[in-house]
Amino acid sequence: MDAFTTHTGTAAPLRRSNVDTDQIIPAEYLKRITRTGFEDGLFVAWRTNEPDFVLNQPQYANASILVAGPDFGTGSSREHANWALLDGGFRVVISSRFADIFRNNSTKAGLLTVILPQAEVEALWTAIEADPALPVTVDLQAEQVRYGATTVPFQTDPYTRWRLLEGLDDVGLTERHVEDIEAYESRRPAWLPRALPA
Amino acid sequence: MGQTLAQKVYEQHVVRRTAGEPDLLYIDLHLVHEVTSPQAFDGLRAAGRTVRRPDLTMATEDHNVPTLDILSPIADPVSRAQVEALRRNTAEFGIRLAPMGDRDQGIVHVIGPQLGLTQPGMTIVCGDSHTSTHGAFGALAFGIGTSEVEHVLATQTLPQVPARQMAVTVDGELPPGVSAKDIILAVIAQIGTGGGQGHVIEYRGSAIEALSMEARMTICNMSIEAGARAGLIAPDQTTFDFLQGRPHAPQGADWDAAVEHWRTLRSDDDAVFDREVHIDAASLTPYVTWGTNPGQGLPIGASVPDPAQFADESERKAAEQALEYMALTAGTPLREIDVDTVFLGSCTNGRIEDLRVAAALLRGKKVDAGTRMLVVPGSVAVKQQAEAEGLDQVFTDAGAEWRGAGCSMCLGMNPDQLKPGERSASTSNRNFQGRQGKGGRTHLVSPAVAAATALTGRLTAPADLPDAPIPAGV
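Protein chains in written order, with the working numbering: chain A, 1 to 198; chain B, 199 to 672.
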């Protein structure tokens, strides 16, 4: 996973609530067995069917920060949604509320999710609609979103922030505790099921 | 202060707890399917890692599988390659696989309970958001992404932080023709798709206790549609009776020891929930969705809502977008909406009881001439049970299609899909845009409403049919 410290780019306003992961990337793109190259499926139905969809507008085509309505990433647990956003050039998604699994997957894939109050999301929408070239900085170290003369603080949990700043792989971290895992396994009741053929 | 059921199960699985870090939680059962696992196995290979507990891991093929002609190679080369990757990966890492054609094959959330692998008090994960289904047994079960699949394969653990606790209490008696699906659609309509965010939901109350295991699975299955990663129900005699004698259930003295433990798995009287929701079962009627998220549902007697009635701007905008996509006009009675297709199946409603309810309504009748009905059992075992009871004959005599087991039309990954503009009444779990096929329009319904709708070709409750055998509230 790539480390995330601070990112400056332009932002696209996605004025929709309940953007589910089927919209971020439809199931037919999930048949692939690779971990990259999902950009062609990113929001493909809206990109195909809605000429004025925000990412079809040239002024937002190179945005790297997505500013979305509440309940972003609901539905399916597909991490392909996070990969598609990264493959499509996004490093940050800002929303007032994220679905739990999407947010958790983001921390594993190196996509930063930032929760801001809906009023701050609205203010950011207004600013980037007035000036699509407005540079927006998302600073994970300082926990701030900055644009124009505005600075908005956000919160992340310290452990997740440390992992993202360092770009650390969870499996490697957990493997340091293999003795704890072995000790736990020695205490498990014998009647718990095994998946081997009965 | 007492503990909730979910807190008890969580605490019993903490491998390591250190201030400033997530807990490390042990995983008792890891279910694997072809879609969310290939990149995880690649990750293991790249790092030279093995699967720590292949004996606590089980795989099956479900999302990509065709439901016709299942013994031939999959025609779609991309789907076939994904299924073949799972076969190679499970063989290489020593994981049991129930492939297409196997008697244990089926939707991952149907086969776990059916084999008795899903038991009370366990932690269960799968790279699939409907893993919450297994919570019906009093297990803490939740969906994970592919990076976490790799983590569980390698370590049999997951870093976790405790969730907030929500109680959804459903008291009273369900009216005839009203089912578990209607309960959960009503819950989601009430609290919204983000209502359970950050929470584990415990379903409780007299109406929940009266439900069969199949019905409890339907409710826990759709916890994710309310935003909760997990939903669960305290195990009781209904749970124990369902499990006893299943292939992986404990036997003899082990059974007694297990039941003794399972009886302790309930929320303490003084447990504190962060949020409580109450539903009066007697007030419920069949629910159907009108929009493009599962929270956009109403009793079948209602009409398509006017977006202008929503006070919240983002809800109003969502309603406008939904009506446009669904090609619906505000004020249209839901009962006047015509459908092309009825889908009975999925991890939500593809179990034997669901098929029995639908077959009882279809027996001796004919599916509407302009309507196609697909009946897809959730597993090979469900299919065999239904055929032993003659239900397949009831469906085919009525003009419905009787298919092989799989995820089928719940999602557009296999040949069973809606065509652009087609409209379905579906017993599945998601009415998202394009979920059942590009441009398809989905109304989520119970199995009883699905069957009644198949007979008339428009959204219909069983009670709307003359002389219909109305199923008791289940």
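Treat the hints with care, since some could be wrong.
[To be verified] Straight line, CA to CA, 25 Å or less: simulated SDA-like cross-link-like pairs of lysine to any residue:
1) B/515 / A/183
2) B/515 / A/51
3) B/206 / A/180
4) B/515 / A/132
5) B/636 / A/183
6) B/617 / A/51
7) B/515 / A/129
8) B/206 / A/187
9) B/617 / A/35
10) B/515 / A/115
11) B/564 / B/590
12) B/206 / A/115
13) B/515 / A/120
14) B/636 / A/188
15) B/515 / A/50
16) B/515 / A/45
17) B/636 / A/15
18) B/636 / A/49
19) B/515 / A/119
20) B/206 / B/451
21) B/206 / A/191
22) B/515 / A/44
23) B/206 / B/218
24) B/636 / B/618
25) B/515 / A/60
26) B/563 / B/451
27) B/206 / A/132
28) B/636 / A/44
29) B/636 / B/664
30) B/636 / A/35
31) B/617 / A/40
32) B/515 / A/52
33) B/617 / A/115
34) B/515 / A/48
35) B/206 / A/190
36) B/206 / A/119
37) B/563 / B/595
38) B/515 / A/185
39) B/617 / A/47
Hint data in this document are derived by calculation from the structure and do not stem from the laboratory.
Of all the hints given earlier, name the ones this structure violates by number, lowest first.
1, 5, 9, 12, 14, 26, 27, 29, 33, 36 and 38
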